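Protein chains in written order, with our numbering: chain A, 1 to 316; chain B, 1 to 330.
None of these hints come from the bench; they were simulated from the model.
Any given hint might turn out to be false.
[To be verified] Result set (SDA-like, lysine to any residue): computed pairs, CA atoms no more than 25 Å apart in a straight line: (1) A:154 to B:183; (2) A:154 to B:49; (3) A:264 to A:313; (4) A:154 to A:258; (5) A:183 to B:125.
Bear in mind the structure is a predicted one, so any value in this text is a computation, not a measurement.
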Amino acid sequence: MDRGPGFLPIGPALSFVRHVREGMEAGRDPLSALAGAAGALPSDLQTVLDRAIARFRGEYHEDEWGFDEEFTETVLPFFDLLYDRWWRVETTGARNVPSHGRALLVANHAGILPWDATMMSVGLLREAPLPRYPRFLVLNWAFTLPYISAFLPKVGGVVASPYNAMRLLEQDELVAVFPEGVKGAGKDFKDRYRLQRFGRGGFVEMALHTGSPIVPVAIVGSEEIYPKIGSSDTLARAMGAPYFPITPTFPLLGPLGMVPLPSKWRIEYCEPIDLSGYGPDAAEDRTLVFELSERVRDTIQAKVYENLVARGSAFI
Amino acid sequence: MGRRILITGVGSHMGTELARRLCAASDVEYVAGLDTRPPRATIEGLDFIDADIRNPLIGKLIPAAEVDTVVHNQIVRQPGPGLSPQQMHDINVIGSLQLLAACEKSGSLRAIVIRGSAGIYGSEPNAPQFFTEEMARLYPLRTRFQRDIGEIENYFETFSRRHPRVTCTMLRYQPAIGPALDTQVVRYLSQALVPTYLGFDPRLQFVHESDGLDALVAAARNPVRGAVNVAAEGTIGLTRMLRLAGKMTLPLAPQLFVPVVNAGRRAGMSKISPDFRRLLRYGRCVDTSRLSDELGAAPKYTTEKAVCDWIATNSGRRLAPSVREMVTPS
């Protein structure tokens, strides 16, 4: 097959368009016409097109939570780029994450948008000996928004509800939680790397109930991506949002202000804490729950400081 | 002595099929069907009682029938053709109230089965993905139908508390789908151009008509106490469902959805109730472990298979608007 000048496969492209037209003229529907014409393309393009058409026919798999592995793989290169080039993430201790069976990842939360959750997932997929997709609990408000509410479940996000977390753990999934919640994501720049209160220890109850080990995760770098210097209650109320952040670039530069700053990141997965010895009834024991919750929080705080020192300068 | 069973709403598809199955069972001695509409088919052995459930007269009819089980199948799920929201409310709430009052007077009664709705859970953006039976009161009841169902559940709970000897089963149905049905979801899928909410892809869950019937038969034959969710296993995304059905979609911004759908009704778009609108935006799924473990009616179709079964039997066929809808546009 003749190739056009340079790298552009003009010959195949023209022949592809001709095949589509012929297919349509022969009375076929647009999708089958496209599929029929795919033969004129080079084989890698052909595979991509075949998959795209199959997706448009609904031939893809989503689990009961809406997680779509194929879709996640498709968007992964973009997050890979952020991981390697933008934030230059260094991941340590990925071996501490169980490669099968239920487990609860507990991490510190910062940076307004859940970039820390995505980087944590990418880190696991690349560094763990047996990569697996974690499911993460996302702030409820996100699920009232168009597009975002459709996108999140596809890559493994679920509504932050203990019922969801327990069901996922019972299905032997890897679940990521950020017990600081809004308090962590929306804290001011001056409070960076100071862990907020860990809710009421609900994540410990979930782990005790289901007998899942807890893997504390310390993330350094997420605090600098959007240095929050203030917030507007009026705008937050108008949007129904939990808070409306003001950073040096947002809302000053509009959507451009949502581009995160290229800080340097470190993610450390700590030694898992095995809770199976306590039994499911221990979840009722408030003292134990608070004790364990504090223990996890202290571990993460200590590791955050360690990695902060190891990282050195925030941006270079 | 064999079982004696009374079915309300026997003129519906589900009611008629239930009557047929029960009449064929060897341990059932007597089956009565109560409705203003006759059954869809002639069923040998069925005693059809032509009465309105809203009429206090049923307070005499039901004790006289000396039944041991009442299956309440007359709950209207959609303000359908020729049925105003007010009439729907009357049938659902006043009808259920009359029925339960009649059951109080019936000394022979041992079990009540109500075919209710999972609409009691609502459709909420930040709800748990799978509702279990205990989560009925997590959110405010937002639509008229939800409030109706809430009232029915209240009457039902009061009744079961006051009559501990009667086993009361509340079946909470997800929307049913199947080749023989004419439900709201079936009408929605049958349109040439399907309106959706722009930027939303809700997780939906249905129950196949045959599994829905199996659950009703199982509950009538050996009732369990309390609420049981009736739905197929698994869920399906709206986008994927419409793609599988090969439908063209019309994504609409939330503010435009109601005006456009109303305007589109002249062009053959089907009516979409407030409950169904919320379902199309936020979705709703339920946990079905009680259905298989306690009621013993494990569904044969998953949600995906139920949808594919409907697509396979209906591809290309459009439901014609019924005669009554053409005569009396509501």
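Here is how each hint holds up against the structure:
Proposed proximity of residue 154 of chain A and residue 183 of chain B is contradicted: the alpha carbons are some 29 Å apart, above 25 Å. Pair hint residue 154 of chain A plus residue 49 of chain B does not hold up; C-alpha atoms about 52 Å apart against a cutoff of 25 Å. A threshold of 25 Å between alpha carbons decides the hint, and for residue 264 of chain A with residue 313 of chain A the separation of about 8 Å falls inside it, so the pair holds. For the hint linking residue 154 of chain A to residue 258 of chain A, the alpha-carbon distance of about 22 Å falls within 25 Å, and the restraint holds.
Distance hint between residue 183 of chain A and residue 125 of chain B is fulfilled; the C-alpha atoms sit about 21 Å from each other, no more than 25 Å.
Hint compliance for this structure: hints 1 and 2 are not met, and every other hint is.
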